[in-house]
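Chains as they are written, first to last, in the working numbering: chain A, 508 to 769; chain B, 508 to 769; chain C, 508 to 769; chain D, 508 to 769.
Calculated from the structure, these hints are not laboratory results. Hints may contain errors.
Where chains are identical, the list cannot tell them apart; a pair therefore holds if satisfied intra-copy or between any two copies.
Dumping the calculated DMTMM-like pairs for lysine to aspartate or glutamate here, alpha-carbon to alpha-carbon at most 20 angstroms [what the hints assert, rightly or not]: (1) 705 with 676; (2) 705 with 554; (3) 646 with 580; (4) 705 with 521; (5) 705 with 544; (6) 705 with 723; (7) 646 with 544; (8) 705 with 681; (9) 646 with 554; (10) 705 with 580; (11) 705 with 670; (12) 705 with 718; (13) 646 with 718.
Protein chains: 4
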Amino acid sequence: MLQGYTYPLSPRGEANLASAPPWHYAGDIVGVEFWTDPAAAAATLPEGLTPDPGSDGRVVALFVDWQFSAEHDEYLDPVRSQYREFMLLVDARFRGEPVSWCPYIYVDNDLAMARGWVQGFPKKLGSVHQTRVFASPGKASPSLAAGGRFGASLSAAGHTLAEARVTLEQPASDPAALFRPTVNLRHFPTLAVGQYDKPAVHELVMAEFSDQALADVWVGSGDISLFPARGEELADLAPVRTGTGFRASMSYTVTAVRLLSE
Amino acid sequence: MLQGYTYPLSPRGEANLASAPPWHYAGDIVGVEFWTDPAAAAATLPEGLTPDPGSDGRVVALFVDWQFSAEHDEYLDPVRSQYREFMLLVDARFRGEPVSWCPYIYVDNDLAMARGWVQGFPKKLGSVHQTRVFASPGKASPSLAAGGRFGASLSAAGHTLAEARVTLEQPASDPAALFRPTVNLRHFPTLAVGQYDKPAVHELVMAEFSDQALADVWVGSGDISLFPARGEELADLAPVRTGTGFRASMSYTVTAVRLLSE
Amino acid sequence: MLQGYTYPLSPRGEANLASAPPWHYAGDIVGVEFWTDPAAAAATLPEGLTPDPGSDGRVVALFVDWQFSAEHDEYLDPVRSQYREFMLLVDARFRGEPVSWCPYIYVDNDLAMARGWVQGFPKKLGSVHQTRVFASPGKASPSLAAGGRFGASLSAAGHTLAEARVTLEQPASDPAALFRPTVNLRHFPTLAVGQYDKPAVHELVMAEFSDQALADVWVGSGDISLFPARGEELADLAPVRTGTGFRASMSYTVTAVRLLSE
Amino acid sequence: MLQGYTYPLSPRGEANLASAPPWHYAGDIVGVEFWTDPAAAAATLPEGLTPDPGSDGRVVALFVDWQFSAEHDEYLDPVRSQYREFMLLVDARFRGEPVSWCPYIYVDNDLAMARGWVQGFPKKLGSVHQTRVFASPGKASPSLAAGGRFGASLSAAGHTLAEARVTLEQPASDPAALFRPTVNLRHFPTLAVGQYDKPAVHELVMAEFSDQALADVWVGSGDISLFPARGEELADLAPVRTGTGFRASMSYTVTAVRLLSE
């Protein structure tokens, strides 16, 4: 009897990329809110989601330095448990309620990719970096204080896809307002001639985060550029204007997604 | 209407890791046949496959330098189209017929990982290397000739998992005998509390390769070591004796898998 | 007239791996003090250094997450400015004074490699990771507090070379005591038959760090393993017993080294 | 007494990135000849070289898949012995004789970087790829024949720096004419305030290749683009027109460079 949750299933259940939840996360986020052409944002939405008429074309870009752990202190094995992520979250509505939708997301780690696919995050591999803060001050590091500056970037297959800058102004008065509930699409294709467009799994789900905590949330100004490249459509969401820039720490736990449709 | 075959689905259908087949492959293979403890080999088999009583514990290890193309000369973009792969193929029976089963497989490219999962190959990321032959002779390269020597290795997450050596003796008299039909398991988990062991997709399939060609197939002696590491079970299949070593070029096309069970 | 400090010199002086100092650094350190066979430690010393009779065989291993900046806020380009480092520092004496000597050091970035060679650090490429602390608490992260646990590892060419664990007990009462002045060997070979052993540059230097600061220094217990691999001699310094484990943040500036001999 | 040739020197002499020559190389080359603004080409030349009035602004770009070996069959350890390289060779004159000069060169391996610096090649790390030929035919691979097409690319720090295409027309009638003697600059900085512009080593040398062989040399048309990026000056040599494209295999041995000046 094979053991495990994701690939590869195995006799002892230790080889799988991801064992069954709970999955615990802690991370540092550099984020930029921006507005793109509303038609471009709408074009990324799956069946079941509609544009948000109250915030047409609003997108939040997140660069995250993550550390993961399952139930056995996996954070002590940082080669596997740390990863970096970039994602876009597009404002949308589900049955009238405001949600966000993630059309594009990149990570630098296969364990994160496997957990992401299972949750409905359409992860590809990319190289993601963000400026860090260090407790020991000097010219090589910003401070978590007004005027603190952060850079961030994403590349994939040797192409620069995104670059951002954030300058801090003040602690966030309402940190939770930065985020919306996120709807994802679990999708797994069929590999049979004539059925390429009839996926084996294709279902909208609501991401569920428990024990969610935010810390050290600062807001200010932000700037972001998205660059075109072969095999990518990120730049179709190029900003027409930018909003808040922010920098935060976040942690949460995932055990399930909630099925919205089948 | 979102376009594409695998993640991410998108407005123009260009961002997906893998567009729908046909998928064309060409590669160089360094391979070693070996025997492991039959109980260890049997323990890797999924429901539906049984040990092969005629070749108990026989495994073939393949290191492959691949180049991929879909229908638009993607081989001209080698960053995305080239990748390296390591896999084990364990002898088994399906309804009495001799087949092989792939319990572990590693690649260094996310496009290959996505195509693999869809076919039922349980791919993880790894770093795979094999000695190459060059047309211009000298001390830095073996020849495709008796006495030609090849090294190959696999590592993942900074751990060496496999190392092999092959020494050529003669051209293969029956190259096709090196390979068996391969059975895979398409598997995609459910992410709901209480249903972690009830995957959304879990089906045995037969790999189908069309336009298959072999060239420059040489056989000789081989040696392989499998090393234990956290998060891996490869070394549970450690060799007790080795058989043929070989080096070949191979090409084929994939358009579908054949469903064996549900 | 070509511009620049290190390779490559160029018309505008922007292409070089490292422009001329000052060079600013900030980093997080996970460190373990240990004792190896005194003869093994002594065997790594260059001419001009002698074993330290007061601390025979004492070595400090450091895993560092660094962020670098020159004079133009290069920390805003984290792809280039961040890197990770592992090094061993062996206790020694120079003209009777206690110093440390760095026989082996690994980084994951070519800019850091170039700056290192110029300073006399014998850097190779490696993959280095350490557990991080995040401001937002949870099961995926330790705290800077008694009982906080950290893991760290080094691999190179797919071989695991070092793994360490540190458990915090208390803030350090005398953080500066963790470090000694460091002596390096600037070395650049001659490429002429018969002169391979007559390097063009071969000079002992004392590292000079200005504006040095330490913060959040915690000490406790530590454990470290060094593993043998082809092309490496790290494991010749395998621990016979371990001392203090620690975790700290550090920053400093480099503008020069002090020549000790020629 | 420490052993070794390059960093790190060590008790047994096995840890160094490069042991003393001879160094043997075999590789596959995709190359494109082009002409840039003669002033831009001239601006890259070091003191001692002058523009070539007979071929003002001529540059050859080479993408190479290399395999290296010293005297102990190091090609059997492909993780360390294989690497990929991109370089530009600019036409110039040394004391009236036609030579080429390498202003920019990128590799993906630290052993190759160390050997390069010692020879005077100003190597940085980059990601280099070229289309490969496989003995087994199909849609995933070109043939070494008229009409065969090859793609190649270079990126560094997530920025695409060069992309090329070559289409074969015929075997080269005079393969050796593709290459000129290459002059390099061995350079190692001083790290002392006030002496940043007084390098410890700064000497023109002539590269020397023995046992040089070329095989399977095909010529045809080529195209190349160079892209601007922070920290790079490659695009200052952007093509104004292109010449021959070619694809070849090459092998040679290096034991020394010839000193041209001091």
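Alpha-carbon proximity between residue 646 and residue 718, which holds within one copy, between copies, both or neither at 20 angstroms: Intra 36 angstroms, inter 10 angstroms, cutoff 20 angstroms: inter-copy only.
Same-copy or cross-copy closeness of residue 705 to residue 544 [CA-CA at most 20 angstroms]: Answer is neither; intra-copy 30 angstroms and inter-copy 42 angstroms both fail.
Same-copy or cross-copy closeness of residue 705 to residue 670 [CA-CA at most 20 angstroms]: neither (36 angstroms within a copy, 37 angstroms between copies)
20 angstroms Cα threshold - placement of residue 554 relative to residue 705: within (14 angstroms within a copy, 26 angstroms between copies)
Up to 20 angstroms CA-CA - residue 521 versus residue 705, copy category: between (33 angstroms within a copy, 18 angstroms between copies)
Copy assignment of residue 646 with residue 544, given that the CA separation must stay at most 20 angstroms: Result: close neither inside a copy nor across copies, 38 angstroms intra and 39 angstroms inter.
Alpha-carbon proximity context of residue 705 and residue 718, limit 20 angstroms: Answer is neither; intra-copy 37 angstroms and inter-copy 26 angstroms both fail.
Alpha-carbon proximity between residue 705 and residue 676, which holds within one copy, between copies, both or neither at 20 angstroms: Classified as neither: same-chain Cα gap 49 angstroms, cross-chain 44 angstroms, threshold 20 angstroms.
20 angstroms Cα threshold - placement of residue 554 relative to residue 646: Cα proximity of residue 646 and residue 554: none, with 49 angstroms in one copy and 36 angstroms across.
Within, between, both or neither, where residue 705 and residue 681 count as close if Cα-Cα is 20 angstroms or less: This pair counts as neither: shortest intra-copy Cα distance 43 angstroms, inter-copy 40 angstroms.
Homo-oligomer pair classification [residue 723, residue 705; C-alpha up to 20 angstroms]: Answer is neither: 45 angstroms inside a copy and 40 angstroms across each miss the 20 angstroms cutoff.
Identical-chain pair category, residue 705 with residue 580, by Cα at 20 angstroms: neither (40 angstroms within a copy, 26 angstroms between copies)
Of the hints listed earlier, those the structure fails to meet are numbers 1, 5, 6, 7, 8, 9, 10, 11 and 12, in rising order.
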